[in-house]
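**Student:** Given the coordinates of chain A, assemble chain B onto it according to the supplied hints.
Read off the chains here:
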Amino acid sequence: MEEKELVCLAQAGDAEAFGILVQKHETKVYTLTLRMTRNPEDARDLAQESFLLAYRKLSTFRMESSFSTWICRLAANLCIDFLRKEKRRRDRFIQVGWNENLQITDQWAEPQVKVERMEQRRALEKGIEKLSEEHRRILLLREVGGLSYEEIGAVLKLAPGTVKSRLARARCSLRDILRADGNFFGTPSSNQTKRKGGSV
Amino acid sequence: MKDCSDYQEQISQYLDGMLCSEEEEALLAHVEQCASCRLLLEELIDLSHQFHLLEVSPPASFSTTVLRKIQLQNPPRRKKQIRRIGFSTAAVICAALLGTIAWQTVKYNTREPVLSAATQERQAESTALQTWGEPSDARTEGAVQNAEETDVGQRVVSDGGKVPSVASDGQKKDADNRQTERDSIDSEMLLDREEIALQAAGLLGSGTDQEPEGAAIQETNETDGESGAQGDSYFAVVTVAEQGETRPIKREDLSELLYTLEEENIPYFYCTTGVELDPDSSYALICYLPGDIVEKEAFSR
Numbered sequence: 001m002e003e004k005e006l007v008c009l010a011q012a013g014d015a016e017a018f019g020i021l022v023q024k025h026e027t028k029v030y031t032l033t034l035r036m037t038r039n040p041e042d043a044r045d046l047a048q049e050s051f052l053l054a055y056r057k058l059s060t061f062r063m064e065s066s067f068s069t070w071i072c073r074l075a076a077n078l079c080i081d082f083l084r085k086e087k088r089r090r091d092r093f094i095q096v097g098w099n100e101n102l103q104i105t106d107q108w109a110e111p112q113v114k115v116e117r118m119e120q121r122r123a124l125e126k127g128i129e130k131l132s133e134e135h136r137r138i139l140l141l142r143e144v145g146g147l148s149y150e151e152i153g154a155v156l157k158l159a160p161g162t163v164k165s166r167l168a169r170a171r172c173s174l175r176d177i178l179r180a181d182g183n184f185f186g187t188p189s190s191n192q193t194k195r196k197g198g199s200v
Numbered sequence: 001m002k003d004c005s006d007y008q009e010q011i012s013q014y015l016d017g018m019l020c021s022e023e024e025e026a027l028l029a030h031v032e033q034c035a036s037c038r039l040l041l042e043e044l045i046d047l048s049h050q051f052h053l054l055e056v057s058p059p060a061s062f063s064t065t066v067l068r069k070i071q072l073q074n075p076p077r078r079k080k081q082i083r084r085i086g087f088s089t090a091a092v093i094c095a096a097l098l099g100t101i102a103w104q105t106v107k108y109n110t111r112e113p114v115l116s117a118a119t120q121e122r123q124a125e126s127t128a129l130q131t132w133g134e135p136s137d138a139r140t141e142g143a144v145q146n147a148e149e150t151d152v153g154q155r156v157v158s159d160g161g162k163v164p165s166v167a168s169d170g171q172k173k174d175a176d177n178r179q180t181e182r183d184s185i186d187s188e189m190l191l192d193r194e195e196i197a198l199q200a201a202g203l204l205g206s207g208t209d210q211e212p213e214g215a216a217i218q219e220t221n222e223t224d225g226e227s228g229a230q231g232d233s234y235f236a237v238v239t240v241a242e243q244g245e246t247r248p249i250k251r252e253d254l255s256e257l258l259y260t261l262e263e264e265n266i267p268y269f270y271c272t273t274g275v276e277l278d279p280d281s282s283y284a285l286i287c288y289l290p291g292d293i294v295e296k297e298a299f300s301r
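Just so you know, the sequences run in chain order A and B. Our numbering numbers the first residue of the first sequence as 1 and each following residue consecutively. Our numbering numbers the first residue of the second sequence as 1 and each following residue consecutively.
This is chain A alone, in the form it adopts within the complex (with noise of 0.2 angstroms):
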């Protein structure tokens, strides 16, 4: 079934729709609120909020964006006020953020899991963890959550210009951390220049 037939039946009030959706974009949702909290406690209850607050708001819906879009920006702006109130980010971090580094690894460490593709996530998740706050959020939002510009600009309340430049910095920033770390572009292929939507 089609998520656009899925989300008619949510709306309508069908709740096994709503659950297969919720199944289809957990992982996704989840994601993006762990990587924005660090602590998988405070994900769980923020990506669960997200998809409480998406099936209230479900009637306002007009399906102009996909599901997966919306719902991450709903869940990126409850990211985004849950750590504007907290503040307790940088703490959270240094008490629990390795250990859900290793949690997480251990979820990964499956026998054909290649070493290689570990040691290059991780090498990613320290060196997002080594961004600025302004370049992580952005960056998650973008990357992980799939926002456009404008939604960016919306949930960070900033410019389309603004939004522009600090992606822009944020990746080359991220790339120079990754580039200094050795692990992570260890066997660079030069002629590897297809992008998302086309080659170069």
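To be clear, the hints were calculated from the coordinates, so they are not data collected in a lab. Wrong hints could be hidden among the right ones.
Said to hold, decoys possible - DSS-like cross-link-like pairs, simulated, lysine-lysine; straight-line CA separation at most 30 angstroms:
| id | chain 1 | residue 1 | chain 2 | residue 2 |
| --- | --- | --- | --- | --- |
| 1 | B | LYS2 | A | LYS164 |
| 2 | A | LYS24 | B | LYS69 |
| 3 | A | LYS164 | A | LYS126 |
| 4 | A | LYS57 | A | LYS85 |
| 5 | A | LYS4 | A | LYS57 |
| 6 | A | LYS164 | A | LYS130 |
| 7 | A | LYS126 | A | LYS157 |
| 8 | A | LYS24 | A | LYS4 |
| 9 | A | LYS130 | A | LYS57 |
| 10 | B | LYS69 | A | LYS85 |
| 11 | A | LYS24 | A | LYS126 |
| 12 | A | LYS4 | B | LYS69 |
| 13 | A | LYS130 | A | LYS85 |
| 14 | A | LYS24 | A | LYS157 |
| 15 | A | LYS57 | B | LYS69 |
As the list claims (entries may be wrong) - Partner residues aside, some chain A positions facing chain B, computed with beta carbon under 10 angstroms:
| id | residue |
| --- | --- |
| 16 | ALA15 |
| 17 | PHE18 |
| 18 | THR60 |
| 19 | ILE80 |
| 20 | PHE82 |
| 21 | LYS130 |
| 22 | LEU131 |
| 23 | LEU139 |
| 24 | LEU140 |
| 25 | VAL144 |
| 26 | LEU167 |
| 27 | CYS172 |
| 28 | LEU174 |
| 29 | ARG179 |
| 30 | ALA180 |
| 31 | ASP181 |
The beta carbon of each residue, even a glycine, is placed where N, CA and C say it ideally should be.
**Tutor:** Same frame as chain A, now just chain B:
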């Protein structure tokens, strides 16, 4: 002329598909010539492809918990819809019933003048009876005489609490002449009703519905002085249109009658004015006897 720092932002936008075709061509032309920008573009593309590595599955019971919370906070809408449908259905049924009753009322009210004209004429001519419950020798004698002498009697018509009338012989003949102008079905029904109504009139004063017709009427005549006290024995007369039967009922028997009608799905209507019965319809008319109007109202409450 742009330098490499100017293209960094464009490379980022290029990754997101935010450049127009002209900007894209200009960027790619620069990248072909600039090794550092080409490397930056390649590595950012590689980087953007690796963000999925950050994905983490939520706890196992995540979706179940979400749905449970939704159900707790929002009762299923389907039940509301069913409830709404139930209310709507009930409203439609009530409207249909009210419409039917209103239609029946209008239908029989339009027939009423035909019956009332004759009735009023008879009432004007009649001096024997004033009320059903009123003790009167003349009334009783007239009723008995009519019951004994002719098969054309009076109608059981309570017109706004006024009394049904019993016509004299001459008046009855005039009424009979007018009666023959009606169609046979109505005439037969009226005759039947008049006969039975007359019986009911006789029984009103008797207080004994087990007695034969003549005996009851005779007893009414004999116990005329007690008829006022016993006039409440019968509460109303009931006519089932399909059966053409009119019979008096006691108040204590009313509930059983209504139960029977409901069991047989026969709609019933209350009336206090004279109406004609439609022989093609199936319903019952419960006509309160005028002497009991006050009690009827009390009963209705």
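**Student:** Which hint numbers doesn't this structure obey?
**Tutor:** Hints 9, 18, 19, 20, 21, 22, 30, 31 contradicted; others consistent.
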